[in-house]
Amino acid sequence: MREIKVQEITRNIKEMCIEANHFLSKDMADAMANAAASEESPLGRQILSQLQDNLKIAGEDMIPICQDTGMAVVFLEVGQDVHFEGGLLVDAVNEGIRQGYTEGYLRKSVVRDPLIRENTKDNTPGVIHFSIVEGSRVRIKVAPKGFGSENMSRIFMLKPAEGIEGVKEAVLTAVRDAGPNACPPMVIGVGIGGTFEKCALMAKEALTREVGRHSEIPYVKELEEELLARINGLGIGPGGLGGRTTALAVNINTYPTHIAGLPVGVNICCHVNRHVVRVI
Amino acid sequence: MKKYITVPIGKEVSRTLKAGDYVYITGTIYTARDAAHKRMKETLDRGENLPLNWEGQVIYYMGPSPARAGRPIGSAGPTTASRMDKYTPELLDMGLGAMIGKGKRSPQVIEAIIRNRAVYFAAVGGAGALLSKCITKSEVLAYEDLGAEAIRRLEVENFPAIVVIDSEGNNLYETAAQEYAGK
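Protein chains in written order, with this note's numbering: chain A, 1 to 280; chain B, 1001 to 1183.
To be clear, the hints were calculated from the coordinates, so they are not data collected in a lab.
On a predicted model such as this, the values are computed, not experimentally measured, just so you know.
Some hints here could point you the wrong way.
Incomplete in silico selection of chain B near chain A, CB under 8 Å [as the list claims (entries may be wrong)]: (1) 1010; (2) 1014; (3) 1068; (4) 1103; (5) 1162; (6) 1172; (7) 1180.
A virtual CB, placed ideally from N, CA and C, is assigned to each residue, including glycine.
With these hints in hand, go ahead and build the complete structure from the sequences.
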């Protein structure tokens, strides 16, 4: 049994919220730089070059990359030999979000009730996903999610007979409909299988996989590559103003599902695809 | 085509702007997003006056992150314009000159843009740090209780934007994507 003080979780989450909103992870930064070098459309190149400047200014002057600093999505993989002490884990996570968004000059974008819509003024609560894994470590992933792209995300409950072609059409439909609203170039997280909520969660977690790293399942890797090529053939381009760079990656996760179903979740993220990982 | 314009904007200037023009905007603009639009609509429905006269003015759909000490504003990029579509035709009919945002507009908004010879600009989504450098002054004009969603008066200098929907209804989102589709 390993004991971890929840205050250590709070401190890490606070730092990770601030880091994620000012610095893109290396995989995303590299993908953006490659896109800026390869885009064919003159206006598209100009937009990607502005986004390169934007990343530089964000890091140097500590101005968030995007004013929508997101709703804080936190994945916690907790080793089953860990014991937390000093308070409730969920409170410690939310305290980290509170401190990060307040002390880090991040925008408070969360309303307490979806219909009454009163701002909580500290960006809490976050959306927290726990899973129990083997070992005595805690893997924390913080992925603040902007809503320009979140609003364009979709779930399709396909029939098994629609098969892989149905999945492709679902993803392309979501991206086509998102168009300029989702701040392309986008990253597309896809979850195939499971249940209604499982496919959405898989799609969300797929967004946090490094851009450029493919699924280990051969047919899924092929599907990721084919969909990326077809999405970039849609012409939407940077900022939705035409070009070849509509998406930087398609990341797909799969899970067993029911004999009667083929759920497909498509979670769209803008080019500010924030994800920071720490293991403690 | 590259153009430099000052705002507020008159119809004589709006008419000269064409979808695809790259413009640098200097002057005074006002932020308003979801909650401010809802409140303005409720104010109008009660027969009361809005906090400002929108004639010739420019709305920037934006809610900034907080400013660090010594800076006028935090990160300040555009938000998705379509969430305001429900409220926009009424403001355009009251004389609103232009909007800066990102993303598609409804057919009703496009009709109102043509009817009123207005213009819709897109700023680059997700470039909030860069765009904040073009904002020299920021003050809350109304609805302070809405926090990031308050109406702010901004002074901007050479703020970069692209004409997406011009006063004749030409729509760059449709034409530009077609140009590169299937390539």
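Going through the hints against the structure:
With a cut of 8 Å, the hint placing residue 1010 (chain B) at the interface with chain A is violated, because the nearest CB-to-CB distance is about 26 Å. The criterion of a C-beta within 8 Å of any C-beta in chain A is not met by residue 1014 (chain B), whose closest approach is roughly 20 Å, and the hint is violated. Residue-level restraint check for residue 1068 (chain B) holds (minimum Cβ-Cβ distance to chain A is 5 Å; threshold 8 Å). Interface restraint check for residue 1103 (chain B): the shortest CB-CB distance to chain A comes to about 4 Å, inside 8 Å, so the restraint holds.
Given hint, residue 1162 (chain B) at the interface with chain A, holds; its Cβ is 6 Å from that chain's nearest Cβ, closer than 8 Å. Checking residue 1172 (chain B) against chain A by beta carbon gives a least distance of about 6 Å; that is within 8 Å, so the hint holds. Because the smallest distance between the Cβ of residue 1180 (chain B) and any Cβ of chain A comes to about 4 Å, under 8 Å, the interface hint for this residue holds.
Violated hints for the displayed structure, listed by number in ascending order: 1 and 2.
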